[in-house]
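Chains A and B, in that order, give the protein sequences.
Numbered by this note's numbering, the letters in the first sequence go through residues 18 to 294 in order.
Numbered by this note's numbering, the letters in the second sequence go through residues 18 to 294 in order.
Among these hints, one or two may not hold up.
Which copy? The list can't say, so a pair holds if one copy fits it or any two copies do.
[Stated by the list, open to error] The calculated lysine-lysine pairs, modelled on DSBU-like cross-linking and capped at a C-alpha distance of 35 Å, are:
id, residue 1, residue 2
1, Lys108, Lys59
2, Lys79, Lys59
3, Lys247, Lys79
4, Lys89, Lys79
Worth flagging that the hints you see were computed from the coordinates, not collected in a lab.
In this text the structure is predicted, and so the values were computed from the model without any measurement.
Protein chains: 2
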Amino acid sequence: METVSTWKACGGTQGVYRHASSATGTDMTFAVYVPPHEKGAKLPVLWYLSGLTCTHANVMEKGEYRAACAEKGIIFVAPDTSPRGEGVPDKDQYDLGTGASFYVDATEAPWSKHYRMRTYIEEELPELLAEIFPVDMRRQSIMGHSMGGHGALTVGLRNTARYRSISAFSPIVSPLACPWGQAALSLYLGENEANWRDYDACMLIADGARHEHLRVDQGSADEFLEEQLKTGVLRDVCKELGQPLELNLHAGYDHSYYFISTFMADHVHWHADRLGA
Amino acid sequence: METVSTWKACGGTQGVYRHASSATGTDMTFAVYVPPHEKGAKLPVLWYLSGLTCTHANVMEKGEYRAACAEKGIIFVAPDTSPRGEGVPDKDQYDLGTGASFYVDATEAPWSKHYRMRTYIEEELPELLAEIFPVDMRRQSIMGHSMGGHGALTVGLRNTARYRSISAFSPIVSPLACPWGQAALSLYLGENEANWRDYDACMLIADGARHEHLRVDQGSADEFLEEQLKTGVLRDVCKELGQPLELNLHAGYDHSYYFISTFMADHVHWHADRLGA
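All chains, please: the whole structure from these sequences, using the hints.
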């Protein structure tokens, strides 16, 4: 693993790192914030999965999470949103290809060679983190935004014993039920929607996944709410099937990082309570 | 004045605006954060001048000021760092021309036509703000970073009755004494250094300017500290001439926004105390 950059921030270290990923067959870049801590301490981890078009850098620059993570002693990890680079297939659209992995392990050519973000997020990157950073892997939580909110919900609901809590800002709650998700999952996974259910939070809940601590924050002025995000679909599924959901609607907020940064400290504190931090 | 964008943030409104500036003879873009407030209220104003290469957007995205400004009820204004656009002279260097005005009214051709940032910051933009935003212009403070720290110190020290408090992150404390400043001021103001004194915080203090509330925060790992910023020159001048200076040195911090965002809330609170906010 190569250290790309580090900066002192809020008493700890904000770093950017790069490594050769066996999951994606590419170099992958990710950001980690390590708060001030005593030597030898093992700290809880909060994962943050980013949305369409983002890299590790968007939340690192605009997310305003460091003060809260420093206060609570939480390591904050922000992976990239897809493989990138020479030989990685792409589409000339912001919502397909690089920056738009939807956190799946693709099964369709030519995507299946590199687009293995499920394996990367669930297996490879956690193992690398545990080797190199002072993490207590028994205390992990996960969150994300938009496509990354979808990522956090689905990674979390597939691995309910691993994460103490799961939250999302403005998530795509059901790729099966929205144009972004339909286009991406048919491309990466083929046309048989039965193969999509593992990548749809609502279907995972319908198929039996349950988690005690699930939270969604959604802005009412979000330009993608009606057509793409469909928060109401998740609300209804949770209500019908007895999955607890803390759903916070925020009047006037849109889809941007100005919404995320407004409520980020509150999310970090919510996870901290469940991480024992 | 044209509204370019607005976002709800921390209960208030982060906006970006554009207007035709008579001072610079160009369109100028600036950012204003208006915190939540009661109808009819007039709020104190904190000015933020940005550093080399920046626009209004850098601090807006990375500065982490909104939560503190919302808490204290302070309007935060971030102007651009120079005129821009067709017909505006430039140099193919990051530290001269666009993004590098040093906040002077240039006297030398071809710069003197558009590079009139002193007039813009001290006269034109305050008048526009007072017309359009709910500002209490009797309660203003000013801060900045690097070249914008130089801007804040010099604008503040030339207008000591206007600003309740003056602070800077990592400022260029004496353009006369550093390569960045010498190159820029000779270009904009000509070779006679006597004409530079109005644009040098240390010289303004030597020439008699005094302010009760002057603060500088500086990182010890700042890559520009020794050659360009020279905090010690300001410290010595203040000590020798009886100008109060709250100088905070921060071990391990560099010149980046990771330093600024770490201490931004503290600066906002410091100004708030002096603004009666």
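Right, here's what the structure says about each hint:
Neither within a single protomer nor between protomers do Lys108 and Lys59 lie at most 35 Å apart by alpha-carbon distance, with minima of 41 Å and 50 Å respectively. In this homomeric assembly, Lys79 and Lys59 come within 35 Å of each other (Cα to Cα) both inside a single copy, at 27 Å, and across copies, at 29 Å. Taking the closest pair of Cα atoms, Lys247 and Lys79 come within 35 Å of each other both inside a single copy (25 Å) and across two copies (30 Å). In this assembly of identical chains, Lys89 and Lys79 lie within 35 Å of each other by CA distance both inside one copy and across copies; the values are 19 Å within and 21 Å between.
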